[in-house]
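Chains as they are written, first to last, in our numbering: chain Z, 62 to 475; chain S, 18 to 1020; chain Y, 1225 to 1331.
One or more of the hints may lead you astray.
[To be verified] With the C-beta cut set under 8 Å, the calculated list includes, among others, these residues of chain Z facing chain Y:
hint: 1; residue: V189
hint: 2; residue: G360
hint: 3; residue: S369
hint: 4; residue: F459
hint: 5; residue: K460
[To be verified] So these bits of chain Y aren't anywhere near chain Z, every CB distance computed over 10 Å:
hint: 6; residue: P1231
hint: 7; residue: C1233
hint: 8; residue: L1250
hint: 9; residue: D1259
hint: 10; residue: G1287
hint: 11; residue: P1310
hint: 12; residue: P1313
hint: 13; residue: I1317
hint: 14; residue: K1323
hint: 15; residue: P1325
hint: 16; residue: W1327
hint: 17; residue: I1329
What the hints contain is simulated information worked out from the structure, not anything from laboratory work.
Even for Gly, the Cβ is constructed at its ideal location relative to N, Cα and C.
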Amino acid sequence: MRRYSAFAIAREAARYHQGWERAWASPEPKKSYDAIIVGAGGHGLATAFYLGKNFGITNVAVIEKGWLGGGNTGRNTTIIRSNYLQDASAAIYEKARGLYETMSQDLNYNVMFSPRGVIMLAQTHHEVRGYQRTAHANALQGVKTEFISPQRVKEIVPIINLDGPRYPVLGGLWQARGGTARHDAVAWGYARACSDMGMDIIQKTEVTGVRKENGAVVGVETSRGFIGTKKLGIVVAGHSGVLADMAGFRLPIESVALQALVSEPIKPCMDCVVMANTVHGYMSQSDKGEMVIGGGADGYNNYTQRGSFHHIEETVRALVETFPMISRLKQLRQWGGIVDMTGDRSPILSKTPVEGVFINCGWGTGGFKAIPGSGWGFAELMARGYSPLTAEFGLNRFKEGRFIDESVAAGVAH
Amino acid sequence: MSTRLSSGGRLIDRSAARDFTFNGKRLTGYAGDTLASALLANGQTLMGRSFKYHRPRGVVASGAEEPNALMGIGKGSRFEPNQRATTTELFDGLEAESQNHWPSLEFDVGAVNNSLYKFFPAGFYYKTFMFPRPAWKHLFEPIVRHSAGLGKAPKDRDADRYEHFYAFVDVMIVGGGIAGLQAALTAGATGARVLLVEQTAHWGGRAPVDGVEIDGQPADQWIKNALQTLEGMDNVRVRSRTMASGVYDHGYVLAYERLTDHAPEMDGPRHRLWRIRAKQVITATGALERPLSFAGNDIPGVMLASAVRDYVVNWGVSPGDRTVVVTNNDDAYRTALALHGAGLAVPAIVDARATVTGDLAEAARAAGIRVLTGTGIASVKGKKAVTGVTLCAQAGEGAVTEEIACEAVAMSGGWSPVVHLWSHCGGKLTWDAEQACFRPDHDRAPTSHDGKPFVTAAGAADGVLGSADALASGSNAAVAVAQALGLSATASAPSANDPHETPLEPVWIMPQGAGPAKRMKMWLDYQNDVKVSDVRLAAQEGYESVEHTKRYTTLGMATDQGKLSNINGLATLASALNDEIPNVGTTTFRPPYTPISMGAIAGEARGDVFQPLRRTPMHAWHEEQGAYMEPVGHWRRPYCYPKAGETHEQAVHREVLATRNSLGLLDASTLGKIIVKGPDAGRFMDMLYTNMMSTLKPGKCRYGLMCNENGFLMDDGVVARIDEDTFLVHTTSGGAEHTHAHMEDWLQCEWWDWKVHTVNVTEQYAQVAVVGPNARKLLEKLGTDMDLSAEALPFMGWAEGKIGGFNTRVFRISFSGELSFEIAVPASQGRAFWDALHAAGAEWNATAYGTEALHIMRAEKGFIMIGDETDGTVIPQDLGLGWAISKKKEDYLGKRAQERSHMTDPTRWKLVGLETVDGSVIPDGSYAVASGTNANGQGNTQGRITSTYHSPTLGKGIAMGLVLNGPDRMGEVIEFNKVDGTTVPAKIVNPVFYDPDGEKQNV
Amino acid sequence: MLILECPCCGVMADETELAPGGEAHLKRYGPGSSDEDFEGYLFHRVNPKGVHFERWRHANGCGKWFLAARCTNTLEVFATYSAQTPEPPQHVIDAIRAKRPDWSIEA
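Looking at chain Z on its own, in the form it has when it is part of the complex (with noise of 0.2 Å):
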């Protein structure tokens, strides 16, 4: 693989750039690999790259129905963060954090990291409460956030409108390494390092089975043909249910529609990522200068990758009466992406009932954010039988009554 440097860009701009190579490589599948990842997001892309990275297991295939990066990595509202509650979850987004923080370094790839902070607004005495436990947790979890004053938080936003009548800003949970980053360039930088290590990253194939023998897997059926393996991650937000399926299990996810917008570009005006929680909204300026703004998830069952109005409706009037000069800005676009919600809210990264396959799933609103921590550990669990990072997303919590409640703190929005 040839390095992208500034240098590259150069010696490119001499030829018209007509030397640039493929960032990824469109093999024919091989008869068998020592592992299957199915689905090219950026969960199974970054399986595959520390599968490779920390393994040395390289003989893999990332199988996608689509294009890779098609689904919820290049659909989110791009934001990272690991303030969480619980130790489990917070372990895992901080170390996806923490890679994040390294990641354009480690792939050659620029993702645009942006530590620019966020912040979780208080507007509720309870809320108060609940982020002061966060910080506390944090504190010994060793993920840096603060509690700030309203003040503070004026001073950070200058935007924000601290003293509306119906919910005043009373603090805010802060984490200053918090961000975003540039969500396709996420999957298109992982998918180009796997490509290097010499994996195959098979695109518009579809996995139409999973071949069993004496209760473990052999391989899986797709749209080009058998292809096998004794190791099979299944990591297809959206369509994890039709995926256990194939192998013949259930799974406790319910696939909805969350939906997200952005506004027509406009000059830097806010510098970090803002969550309100009680009123249902979050917003962050991209580099581009859209308003990138999120809201709820419906309700309902559906794959439609498109949600309902009221949804939007609901989360700019949140967002208006929070940053009143978003008023005369101008709606661009709106999108939903299919998301599984698992019967906690946090995530599934576990083995099946199925000898041999392994599932990651879940991630509801929150994925992005867990990439690379997420395939860090998951790659260690399809490795080695085990990982710290995953051991408490089993799927065996849900029969103990071992939940991972984040919802406990912070609301709703991930």
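Dock chains S and Y against chain Z, hints included.
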């Protein structure tokens, strides 16, 4: 230079001058002008700068698809960035400024010149700016962010108002061109409720500009008659300046009406968002002209041929004295003829096609216009304005055959139907190879709740470009829709004159064999600076899916959302991949069609009416007293009542002590109150609560715990048995709706044969807690027909009777540990009763107390609070509430869940009291630290604080918390963390700090 | 914005009038049931990309729960019916089969 023609302009009123400013310069236009036409009339062809390279940009279109001429308009609290000059109607006093440049539009230091932009191809930022690591955030990103963005951010709170409007119609017709008008005439005649909307201020679309004759009369006349007919129909509504922005599931349509943008002096809301439920939708949204990809096609002065025609015909504006027309289809000849007719020079029509024999071409030739076939533009000359073009053979690589001096170029690459609304909700497209465009696939229309199609395309939006055919298409669409609605309709459309046209030939790049150097100068997306070379680079690097290409190059992601660039980009990608255009596919069309204001989306809901506020009958009293209020659900409750000079903390302490020492009054009206009634009420209550409720005697109260089916504690409260069949359930404040819904869920969906009825009566009663040693004296002073003595009405009893003339229900329950009467009165009497209590209680210093005093007093007593001691992960067994869990009952909601291994795990943290060793207050949310770290390197914990206060009664810090093996560790001192890394030592104690034997409440 | 007919009051109700309630026809497992059955009842969901039986409450209307057979992929509503129905009634199954002849009910 562009200028105003001495005559013509069907939309302007030359007798009505309009003064406006552009970048501070005072200019004049006419009523009926758009900002774009007025600027052109004043010779202002440079209107903005592009996003990435800050290249000079002029207006390229005349309508909603405009990507370049974006302005900041207005001032202060009425400033709005990114307004398209082409859709901004001119008014007196309009103030516009151009965007995205520094220091000025004419001289922009951010401009990347021709030699430098080679270094900034598609996706260059993914390949660089990586070292040193902090440089992205601190150096590169700020530069990128400041050079990106378009308009300035508004600073102030919006001074305008917005509103929502609801409509229910049988047929929604989008687009007021001739197809839409004809569809409305046909649909209106059936008696169906019809709503016809048009995004501009004018009806008729392109037909009047193109000189169409309908039924032998000028299009304008037919349009006027059609509108008159429609306005005469009671079942038809028509709205101009109203853009249908999105079609949503099951026939939901949003439309965006701009009420005062064109006339800011008018009263009323600025925008109105129509929320429409339509049984059927007809999209007669027309078509958009495509640019052609030739070198230098972004230089100001290069415009769409249709836009040039619009400026001449509609606004009497010349784009320049000499305009070269370049095309691959006959429509652009209309532009040449219009220019010629206005007395302007058309040095040549450059047509990529080898032979052209249509009526329009013949007319052009007859007018003496030079028609060059098989020819393309090799390059456009000029920097901030077009100065000329060089020509070449379309089939070749671009060897210049001729140079022509000109001031404008009118280009046409054919027309693309506006399929956005068709596609928003799942309608699929088909590739029309003949017209080189995607158009709606009639067999795969969007479907509604009944599985049947509910969107029908008509006219140019359906790929029907001729006038006569468009009229017929409009009528046929209306007939089809009427039939779907079960109405009878007859198709009838007027005739129209359409010239014979030579078919279009797809031209995606000009000349066909242009090399890399030329491709780097062919713009696809003008605003985002995406060129043919960028799309080809994306394909070369493996970004082969149309979504990859779009995201890698930012093609179609500008504020026009690819209205001009998408098809050309797709074709370029297909060619780079050696694939067919339909195989490459399109990106997804998402609402809104054109951007709509956030203000309109939010509607009326802002400020005080942001969200409905629930008020207790005593709410006004609290406000009169200057109470500090806190949101509790949708209620506001007094947190405390600070007196002059008091801090909140001082007020809370005063309220606690006054209550404990004499008499406190609490507005407890927010407490949830639900009646559960029926022969099976007792059985139902036993399932709802963990303890036995069916054995409760009428006249008595019992505290109970309610769990969800997952075992977690959900709500708690006191239940009073009114009679054999009737229970009154008290829930937490804000918990009533949820609890009532929970009851109904189980009654309707699981135990539907049980005879139980529930009613939420929370707002029917005001409730006051009369608390403190003097509570009984106060009630007796007011006069009562009840015996309120401890013997007659003991703790956990209730009675009904009169107090001070008020009808009351009195509950002997206490959340403070003091002698306490919770008294319910009809809501209408709440304020009067509250006032009477205060008046009569003055002699005992009756003190209103708020939620914080309530919380402190309950914590002093070790009573749990839902939301503090519970957080959705806590079960009653964690809280030492085993006594409230029936061992006898076979079942209750949550019982099975509580048998799971993690729920019965002896290492679950359990509730204890905590006292700091030094008397300080443990911070809220603190965790009890344990030694060592876990497998992920996180500090181990052994408990956490759930409530923590300074107790004014005891004069020290008290807390409740969940601690590992806590109840077995009484007296042990453990450490609680602070965020600064230090810890606070605290002793594990009994959680009942105050009056552990309950002597005070039992008097 | 979905629209569903409330079978109780007969109103064609917008989604904003309704509260979704997840999968329908779950069989309740109480004390004495196996861990597997209880876990299945509480958490395992069919979550089909296709015909889904689901619960809705006409929350901002008549207040009644009802059930719907709806496609999660096209959002077509085949039928709405009484919540007091332990399994999909024949007329609902017929309504689905009329549109989707290949459809079969999942266990």
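How the hints compare with the structure:
1. V189: This interface hint is violated because 29 Å lies over the 8 Å limit.
2. G360: Hint on G360/Z: holds, closest Cβ of chain Y at ~4 Å, below 8 Å.
3. S369: 5 Å, holds
4. F459: Interface hint status for F459/Z: holds (5 Å vs cutoff 8 Å).
5. K460: Since the shortest Cβ distance to chain Y is 4 Å, the answer is holds.
6. P1231: 17 Å, holds
7. C1233: Consistent with the label, C1233/Y stays out of reach of chain Z, its closest Cβ about 20 Å off (over 10 Å).
8. L1250: For L1250/Y, whose nearest Cβ neighbour in chain Z is about 12 Å away, the distance exceeds 10 Å, so it holds.
9. D1259: About 5 Å separates D1259/Y from the closest Cβ of chain Z, which leaves it inside 10 Å; violated.
10. G1287: G1287/Y clear of chain Z: closest Cβ-Cβ about 17 Å, beyond 10 Å.
11. P1310: 21 Å, holds
12. P1313: Check passes; 21 Å lies beyond 10 Å.
13. I1317: 19 Å, holds
14. K1323: Its Cβ never comes within 10 Å of chain Z, the nearest being 17 Å, so this holds.
15. P1325: 21 Å, holds
16. W1327: 15 Å, holds
17. I1329: Holds, since 15 Å exceeds 10 Å.
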